[in-house]
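All chains should be modelled from the sequences, with the hints used to inform the complete structure.
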Amino acid sequence: MIKQNLNFSSLFKKTGIFSMILFVTSLFLIFYKGLNYGIDFKGGTLIEIRIEDKNINISEIRSSFSKLQLGDVNIKEFGKKRDFLIKVEQKDNKNELIKLVKDNLNKDLQTEINFRRVENVGPKVSQELLESGLIAIALSLSAMLFYIWVRFEWQFSVGSIIALVHDVIITVGIFSLLSFEINLSIIAAVLTIVGYSMNDTVVIYDRIRENLSKYSKMNINEIANLSINETLSRTVITSVTTLLALLSIFILGGEILRGFSFAMILGVIVGTYSSIFVASPLLKYLKVTSKTMDKSEEKILP
Amino acid sequence: MLSFSKIKVVFIYIFFIFISLFAFLNLQNENNSVLNKKVNLGLDLQGGSYLLLEIDTEPLIKERIQSKVVPLKKLLNKNNFSYTNFSISSNKISFNFNDKDIKKFEKIFFSEKDNILNSYISKYNNFELDFKLVNDSVEIFFSKFGILNLNNLALSQSIEIVRRRIDDTGTKEPTILQRGDKRILVELPGIKDPERIKNLLGKTAQLNFRLVSDEKSEFGFDELISDKGEKLIVNKRIIFSGENLVDAQPRMDNQTNQPIVSFTLDRLGSQRFGKSTLNNVGKRIAIVLDNQIISAPSIREPITGGSGIISGDFSFQEATDLALLLRSGALPTPIEIVEERTVGPDLGQDSINSGTISLIIGFALVILFMIFKYRIFGLIANFALIANLLMLVGILTILEATLTLPGIAGIILTVGMAVDANVLIFERIKEELKTEKSLIHAFDSGYKRAKITVLDANITTLIAAVILFIFGSGPVKGFAVTLGIGILTTLYSAYFIARHLTSIIILNNKNERINL
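These protein sequences, in sequence, are chains U and H.
Numbers in our numbering are just positions in the first sequence, counted from 1, shifted up by 61.
To convert, note that position 228 of the second sequence is 217 in our numbering; the numbers rise steadily by one, no gaps.
A couple of the hints might just be wrong.
According to the in silico footprint, chain U covers these stretches of chain H (three or more CB under 8 Å from chain U) [unchecked claim]:
1) 103 to 113
2) 339 to 345
3) 353 to 365
4) 456 to 465
Here are some chain H residues the structure puts well away from chain U; computed CB gaps all over 10 Å [said to hold, decoys possible]:
5) Glu43
6) Asn69
7) Tyr72
8) Ser230
9) Asn447
10) Thr450
11) Leu477
If you want the ones that stay clear, here's a sample from chain U, every Cβ over 10 Å from chain H, calculated [stated by the list, open to error]:
12) Leu72
13) Phe92
14) Tyr98
15) Phe139
16) Thr303
These are computed hints drawn from the structure, not numbers from a lab.
Quick caveat: nothing in here was measured; it's all calculated off a predicted structure.
The beta carbon of each residue, even a glycine, is placed where N, CA and C say it ideally should be.
So, in structure tokens, the structure goes:
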């Protein structure tokens, strides 16, 4: 099904430049355009309502809110069943806000309103959630670095971390480009991407390590190419099954999981790409040769 | 590697069946008295309200600093210290002091015996108060340990009172837990509208009865606005406070047909109430709740029976809530709701439905793909996948873990990623078959060689899951749990179950070509 003699190493230069451009663009986007933080990280109130009454439209909900003068209020309609998502950005945490909004809507619309979801995150909590999310990502990267360093040589550890940072930055860069909302579940998605991408890189690195001691005459790019080809069908199959599962969540899993599954789909694609086109070519620049492995032959066995 | 001893095989399947059986406990409707274990549904799936409360200790510290003024002055006067410029701020008392006396003052300030001012906290081996010299003035403030002690007492007391208030509303199975050193987590499953509970928790409910004076007395007074809008001068001296109440109930007043709250006092409270009302017939008494006057009735006759009523412009619900607040007692500090998440029951049900559908479809797609790709071995991988899922749910049941919507996503992701272990192994075997003539050897070394990779690859995901579990909150934690347990069950099902099934097929088809 899959040809196993593709010449990946000939693409390494081009993909290297491609990755650099993506990486720099992503950093640029993240710093200049910024990220669209949801209420988890910015604080504020989110209200999801369902109004079955067909006479009510979004502008009536808007005008009901504009009277309250709550500052930045974002209202959008979604789903088939007339669901509305309302986001109120408000700096100071007022506990009465929700009651005020509820009473006001009930009074203005004069119809049955089903309050399906109400979330309110105060500024102190949102700051903490953001901090702990960033700490979690940094910590998982360091834990991976350490694990690979213990299991492989340091060059592999550096290579895999560069690939991981590449994945995280580019994925977040795409979030920024699309003004994609960043909330708690996106942090979970990014961490899972880190795990998945590492998983993918490890499989290829394992094979590179094995081939390095098997074919001491080949140069590292040839070895990388051979190893990528040997593991290619596994790489493809696993990405396909993972993507099948994720697509199923993305399409059928409902509004709440949509952002999470989209982030994961993006991450799986970027992660698979980086194992082949970032992690593997880097080994050449990290001066990995068959000699690198000589002194650590015993490390291969657990 | 291919040969399994019989005992091993029996053990592998007994363990698998044992764990999997727990998964089926979730299907029973009624509570089983023998084995009542179930996966709990998170608030995002069953609907309910999550509140994070934070205590604010600043007013408490201010109050405590003020309460130190009298003992401090007593102590200074008793020892004939001279001091000037005595002043109190929100967190310290300062005064000018003669330098010569400072050694003596320090000795008295930190004496462990009969210290009326500064008590020793044996738990921390430290005094609650500390002082420092700034220029010529002494500043007295709560030490780090004193603040910690106040904070911890206030937090545990607040948890107790929050629990009483919530229990009193009749909420079923609430969860009330301490979070960190200032916060209380409250989970109210099945609550659709938490406004009433939020309202009850937002009030400190410090009640006191004080006399209304005609003129500003020198003993201290507050100017408060009454319920009818008049400005009243209220004596600082408290006749009795909420602590003296033994019971409070909502009633309907027979004469006015208005809702009221009737209360019963303890002995001390009723003595004081009796004495005060006896001496002040004709005057007005202010009923003050959280520094607001509820009502200020006139005293018509002495009340010595130890009970009374609070009237005001209440609805019956308000009277019920006021009685509830009075029964549960006052919070030591104000409480702020710093985070709230409420999910209605129908959204929860929608989430369960869409989660289940995407799980079934995702599962079916993966299974079909594996059969298409690996035929008979695809079936093995699929059987391992089903075993994997059953064990995953079984372990979640044994742990009585909480399943959240992201948790369901974690299960689906496990389905997608779990086949990886078998794919790695099968692909390796395929490669071995190119050079190795003997089928058995090819399978043997395939499993052996892939083992390191499978372990490395899964441990990296496990690391991510563990970190997510430590740092994640609420629903995200549920994701980390299913993802992490999913990795363990994946390894078990690939290396024991799938490997055993593969070995059976290989041993039965020793001489034929096997199509991988």
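Hint check results:
| no. | hint | in the structure |
| --- | --- | --- |
| 1 | 103 to 113 | violated (count 0) |
| 2 | 339 to 345 | holds (count 4) |
| 3 | 353 to 365 | holds (count 5) |
| 4 | 456 to 465 | holds (count 9) |
| 5 | Glu43 | violated (8 Å) |
| 6 | Asn69 | holds (48 Å) |
| 7 | Tyr72 | holds (40 Å) |
| 8 | Ser230 | holds (26 Å) |
| 9 | Asn447 | violated (7 Å) |
| 10 | Thr450 | violated (4 Å) |
| 11 | Leu477 | holds (14 Å) |
| 12 | Leu72 | holds (23 Å) |
| 13 | Phe92 | holds (24 Å) |
| 14 | Tyr98 | holds (15 Å) |
| 15 | Phe139 | holds (13 Å) |
| 16 | Thr303 | violated (4 Å) |
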